[in-house]
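Novice: Residues per chain, in single letters:
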Amino acid sequence: MWVTWQDTGHVCRVTVAHPTGLEGIVMESCLRCAVAPGQFTGEYAVSATQSNGEGFSLFVDEKLVDREQPQGAEGRGEGWLRVEVIDRRGDQALIKLPAEPLEVGQFVTVKANQLASLCLQSSRR
Amino acid sequence: MILCNTEIQKAIDESRLIIRPEPLPRRPTEGKQCPYGTHSVDLALADEISIPRQGTYVIDLTRQGSLADFLAQNSTRVKIGAGQGYTLEPNQFILARTREYVELPIPPQVDTCLAARIEGKSSRARCGVPVHFTAPTIHPGFKGTLTLEIINLGPNAFMLRLGMAIAQLIIEEVRGLPFETASQFQGQTTPEGLG
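Residue numbers (numbering that gives the first Met the number 0), protein chains in the order written: chain A, 0 to 124; chain B, 0 to 194.
Hints in this document: simulated from the structure, not taken from any laboratory.
Everything numeric in this text was worked out from a predicted model, so none of it was measured.
It cannot be assumed that every hint is accurate.
To be verified - When the alpha-carbon atoms are kept at most 25 Å apart in a straight line, the in silico BS3-like pairs for lysine-lysine are as follows:
#1 B:K120 with B:K9
#2 A:K62 with B:K78
#3 B:K78 with B:K142
#4 B:K120 with B:K78
#5 A:K62 with B:K142
#6 A:K95 with B:K120
#7 B:K31 with B:K9
#8 B:K142 with B:K120
#9 B:K142 with B:K9
Claimed, not checked - Sample of chain A residues at the chain B side, in silico, Cβ under 10 Å:
#10 E42
#11 A44
#12 E73
#13 A115
#14 S116
By construction, the Cβ of each residue, glycine as well, lies at the ideal position given by its N, Cα and C atoms.
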């Protein structure tokens, strides 16, 4: 399925070649989110907003989040969550989250301006 | 198709299944507990549990966008020390995690991958302690430790020990490729897609 992997510094482009012959590009990107400590060590509770204005939240491994400094009270703050952009049209983007949110499914549509091709640090995956 | 123990080990050797640290020994060995059943492998309890705090709040699933934060705010992390344990009282509910990191890669250029189900152990269930009660499915592509929902339904307290065999993993083969590829989302107009 994945036949090439290019690390372009901060954004990983993955070429997807499906056995059926269909091909596409999955681009790793970063989603603006609110970040708070999770229920376990090494985990964050992150929340963000869909393009329709409804929010979602999920627990993710801290390695998938780049936090901005300084953090507020109780370790809360803003940050960037690593996601896969599946499709992008106009001001909207269909993304795959690294885990299933508590409120909605793993694929959500967000406003494209919530995404950044540059995270705070280079890819740690 | 469910994988037997030797097929599970073969999948580990071929990196189709990643379990770290690897459950050992692979065969019954004198003086050591073998974590493999005929078609399962045991997973151990990690050193941290999360205890939901009792309060007057109502968990409202319609609270859009902040449920994870809300749950985290209203729970307490507790470390289980070696040789110490944690006493789970009757009717007490906690979250725990497996010690093992599990990954089910979707491998390139093949049309099969692996999924898994996490199951409890009958010895714990006989004491009234289920270790998970919903969502046993671990999807292809998953990576991480497994969160357990443990409740003591029995009449007596139950001791949770660090590293104890707490759950078992059943590994299954998935035929075909899941729609993880970008091409299959092209033109999607469903509510979760792009109109």
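Novice: Report the numbers of all earlier hints that the structure fails to satisfy, in ascending order.
Specialist: Going through the list in order, the structure violates hints 6, 13 and 14 and respects the others.
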